[in-house]
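Number of protein chains: 2
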Amino acid sequence: MNTDHYPSRLLEAATSEFAGLPGIGRKTALRLVLHLLKQDMADVEKFSSSILRLKKDIRHCSSCHNISDTEICNICSDTKRDHSIICVVENIKDVMSIENTNQYTGIYHVLGGIISPMDGTGPGDLNIASLEEKVAGGKVQEIVLALSTTMEGDTTNFYIYRKLQKYSVTITTIARGVSVGDELEYADEVTLGRSITNRTLFEASFNNGKAY
Amino acid sequence: MNTDHYPSRLLEAATSEFAGLPGIGRKTALRLVLHLLKQDMADVEKFSSSILRLKKDIRHCSSCHNISDTEICNICSDTKRDHSIICVVENIKDVMSIENTNQYTGIYHVLGGIISPMDGTGPGDLNIASLEEKVAGGKVQEIVLALSTTMEGDTTNFYIYRKLQKYSVTITTIARGVSVGDELEYADEVTLGRSITNRTLFEASFNNGKAY
Numbered sequence: 001m002n003t004d005h006y007p008s009r010l011l012e013a014a015t016s017e018f019a020g021l022p023g024i025g026r027k028t029a030l031r032l033v034l035h036l037l038k039q040d041m042a043d044v045e046k047f048s049s050s051i052l053r054l055k056k057d058i059r060h061c062s063s064c065h066n067i068s069d070t071e072i073c074n075i076c077s078d079t080k081r082d083h084s085i086i087c088v089v090e091n092i093k094d095v096m097s098i099e100n101t102n103q104y105t106g107i108y109h110v111l112g113g114i115i116s117p118m119d120g121t122g123p124g125d126l127n128i129a130s131l132e133e134k135v136a137g138g139k140v141q142e143i144v145l146a147l148s149t150t151m152e153g154d155t156t157n158f159y160i161y162r163k164l165q166k167y168s169v170t171i172t173t174i175a176r177g178v179s180v181g182d183e184l185e186y187a188d189e190v191t192l193g194r195s196i197t198n199r200t201l202f203e204a205s206f207n208n209g210k211a212y
Numbered sequence: 001m002n003t004d005h006y007p008s009r010l011l012e013a014a015t016s017e018f019a020g021l022p023g024i025g026r027k028t029a030l031r032l033v034l035h036l037l038k039q040d041m042a043d044v045e046k047f048s049s050s051i052l053r054l055k056k057d058i059r060h061c062s063s064c065h066n067i068s069d070t071e072i073c074n075i076c077s078d079t080k081r082d083h084s085i086i087c088v089v090e091n092i093k094d095v096m097s098i099e100n101t102n103q104y105t106g107i108y109h110v111l112g113g114i115i116s117p118m119d120g121t122g123p124g125d126l127n128i129a130s131l132e133e134k135v136a137g138g139k140v141q142e143i144v145l146a147l148s149t150t151m152e153g154d155t156t157n158f159y160i161y162r163k164l165q166k167y168s169v170t171i172t173t174i175a176r177g178v179s180v181g182d183e184l185e186y187a188d189e190v191t192l193g194r195s196i197t198n199r200t201l202f203e204a205s206f207n208n209g210k211a212y
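Taken in sequence, the protein lines are chains F and S. Per the working numbering, the first sequence starts with residue 1, numbered consecutively. Per the working numbering, the second sequence starts with residue 1, numbered consecutively.
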């Protein structure tokens, strides 16, 4: 419980709001609030409104379900990208991570979660129906599954695989293996096992690993 | 530089605002913003307005300069507290820290900083004149200096000491010594030296260290 002696209820209210954010304790929250208090009114207004505007005006791309400022996101509306390859990810952070590699030129499909009976998330809660529609359209050649290698991720992968099996689409999954720069002796057995099973042609490693 | 691929300018703007807070990197900022985005509109409005209201409506106690919701803060307006003892601190966090000990029943005076030629903070930038006025009023019996034991803290202590010397007021400073629970061999020499010089009567340690 909070037994701190706040000199002001306004200060306490703002500190409590920050302390409600993940990974922010009450001490850090107070530090952040006091920092904001020292800023100019205009800066505090900018901070405050940036959050409110994000919540009010943010949209989701009607095609890939990624966060977007427009009806169709930048990636889906980019004619230079390969629309015949769709990478399936759990959330928008994964899209950002893959985009940051600059290695992928296809488009995305954000599921909005993964199947998790423990959290009460079933296939019906995810954007799977719209993925099937896209594939049924016949223009998609490859689906790249890029979900976490957890029980939930594997379950979701398998569910999607079963749903899309009947269409003429290649279903791939991102490579799992020893990280670049890692020493073999520190890799876990499952990862190392997958690395050996899914070994690739040595020549393919010349091109900086650029698969696309 | 930021080379991340944000799917939305609104998201990027909000993330940048959070990343501007002390100790918050861009990854953490994004995590916090995505957390807020998942909350209800009402919660986001509450978060956003708590900061704005704090900045707009916060006041400083006209007597002790502590943050306050009212003209005179709760501590200064508390008739049960001993108004003849004033504890001089650097900022409002120090007031909270001392209040949290539940050991002090006097009132405070917040300087709003310490003398630091490096940061360009001179005595004129601090609430020292109003402290002298209070002491000149003749009702104050003791001034407890509770500043950091840094060069700046010592300079400020000495400056205040010189200013108040001419009045009939006892000027004390908080005890410096080995922390409760610390082993002697790990204490630094200066601290241990002060602990020995400023040794107290053993009987005084019975009462849980309660000086007031």
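In short, the hints are calculated from the structure, not lab data. Certain hints may be false.
In silico lysine-lysine, DSS-like type, Cα no more than 25 Å apart, as pairs [as the list claims (entries may be wrong)]: (1) S/K56 - F/K56; (2) F/K27 - S/K46; (3) S/K27 - S/K56; (4) F/K56 - S/K27; (5) F/K56 - F/K27; (6) F/K27 - S/K134; (7) F/K93 - S/K93.
These numbers come from a predicted model, not from an experiment.
Hints the structure fails to honour: 3, 5, 6 and 7
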